[in-house]
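Could you slot chain E onto chain B? The hints should help.
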Amino acid sequence: MELVRRSRAKDLVAYDELVGRYQGRIYSLLYNMTSNKEDAEDILQEVFVKAYQSLDKFRGTSSFYTWVYRIAVNRAINFLKKRKRKSALSLDDVDLGIERDPAYVEMTSRESPIRDMSIHELQRKLNEALKTLSEKHRTVVVLHDIQGLPHDEIADMLGCSAGTVRSRLFYARQRLQAELTEFMP
Amino acid sequence: MNRSELEALILGGDEADLTPDIKALIDADPQLKDLYQRTCLTRQLCSLKRYERPDRVREVRMRQDILRRIRQQQDEPGRLSIWEVLTGSTTPALRFGIAALFLALIGIQLFTSPPPPPERAVVEQPAKAVVSAEATPGAEVILLASTNLPADDRLPTPSYPIASVSNVEPGRIQYGPGPSRPVSFDY
Chain B
1 MELVRRSRAK DLVAYDELVG RYQGRIYSLL YNMTSNKEDA EDILQEVFVK
51 AYQSLDKFRG TSSFYTWVYR IAVNRAINFL KKRKRKSALS LDDVDLGIER
101 DPAYVEMTSR ESPIRDMSIH ELQRKLNEAL KTLSEKHRTV VVLHDIQGLP
151 HDEIADMLGC SAGTVRSRLF YARQRLQAEL TEFMP
Chain E
1 MNRSELEALI LGGDEADLTP DIKALIDADP QLKDLYQRTC LTRQLCSLKR
51 YERPDRVREV RMRQDILRRI RQQQDEPGRL SIWEVLTGST TPALRFGIAA
101 LFLALIGIQL FTSPPPPPER AVVEQPAKAV VSAEATPGAE VILLASTNLP
151 ADDRLPTPSY PIASVSNVEP GRIQYGPGPS RPVSFDY
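Residue numbers (this note's numbering), protein chains in the order written: chain B, 1 to 185; chain E, 1 to 187.
Derived from the structure by calculation, the hints contain no laboratory data.
Don't take every hint at face value.
30 Å max Cα-Cα, derived DSSO-like pairs, lysine-lysine [said to hold, decoys possible]: (1) 57/B to 136/B; (2) 81/B to 50/B; (3) 33/E to 125/B; (4) 82/B to 50/B; (5) 33/E to 131/B; (6) 10/B to 50/B; (7) 33/E to 136/B; (8) 136/B to 37/B; (9) 125/B to 82/B.
The following block holds chain B by itself, in its conformation from the complex (with noise of 0.2 Å):
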């Protein structure tokens, strides 16, 4: 809170330091969000800055990256809303430390076309099935299946019932099954 109270008073300093801290993670949500990673780079750069000219406007009802989050979040729904038509998948690098991850070891020990398959095939098939869910489906998979966040906080943070968020988590996981259906057992 020390660094939020410092950026309200201008200080520049304190207000890089508190990008440094959160700008990976809120980077990765909007990445996940639009399978681009010039698109994620100039959603952040606004979510900082639009950040920045609204402090005065953070309570401290909760913490400073659950409310960049939040600005995140609605900023990416609002792209993919006003993005005409799918632009181009453009990916980042996979880190290396997925091939020592339990799951990618467990899916390529056994027999599934995963096995033959290079780790950026992988990626692009994986991405191109995410374009293929709306904004709405997509941003409950991103939060909760790639970001790791629990039902009710998606709720709050999407403004409706958790109710609604397992209902869009059914379709868009039935969608996803359908779009991989060449990886599934």
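Structure of chain E alone, referenced to chain B:
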């Protein structure tokens, strides 16, 4: 719990929703078990997206870009509205003060000024007489004078040499190639 409720739990919920009792029900039904396995695989695939990350150089650049943009916006003064330009102030209290003073002055002016006369006579301007002299055949001098005629009625600018005029009187300087003639400028 019926099948559709269990499906809703599998597809719309997470592992925490699946208590051992529910898990036993799912395991007992091959279709539900298949759905559960497919859902687990979908979640696992999605979780791999966490490994997509920007490289360190880009991360640093993004941070710098954010700060640069904030600095730019701080350096650029906000565009003033016409009202702010007129009142010379961006402080709301001062602006309203100036506006109140302005209205008060208008009010005082309205109440203290005498009422306007009931009718005003329209004063007609006398038509201006245009005096022109007919050119004498064979005259070599062209008379020019300033005029208040509309632009279209003015004499065209001649292409030949212009000689200015003077009243011919003994001892006066005479201009032009021929003798000048008296001219009346009484109009």
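Here is how each hint holds up against the structure:
| no. | hint | result |
| --- | --- | --- |
| 1 | 57/B to 136/B | 27 Å, holds |
| 2 | 81/B to 50/B | 19 Å, holds |
| 3 | 33/E to 125/B | 25 Å, holds |
| 4 | 82/B to 50/B | 19 Å, holds |
| 5 | 33/E to 131/B | 27 Å, holds |
| 6 | 10/B to 50/B | 14 Å, holds |
| 7 | 33/E to 136/B | 28 Å, holds |
| 8 | 136/B to 37/B | 20 Å, holds |
| 9 | 125/B to 82/B | 24 Å, holds |
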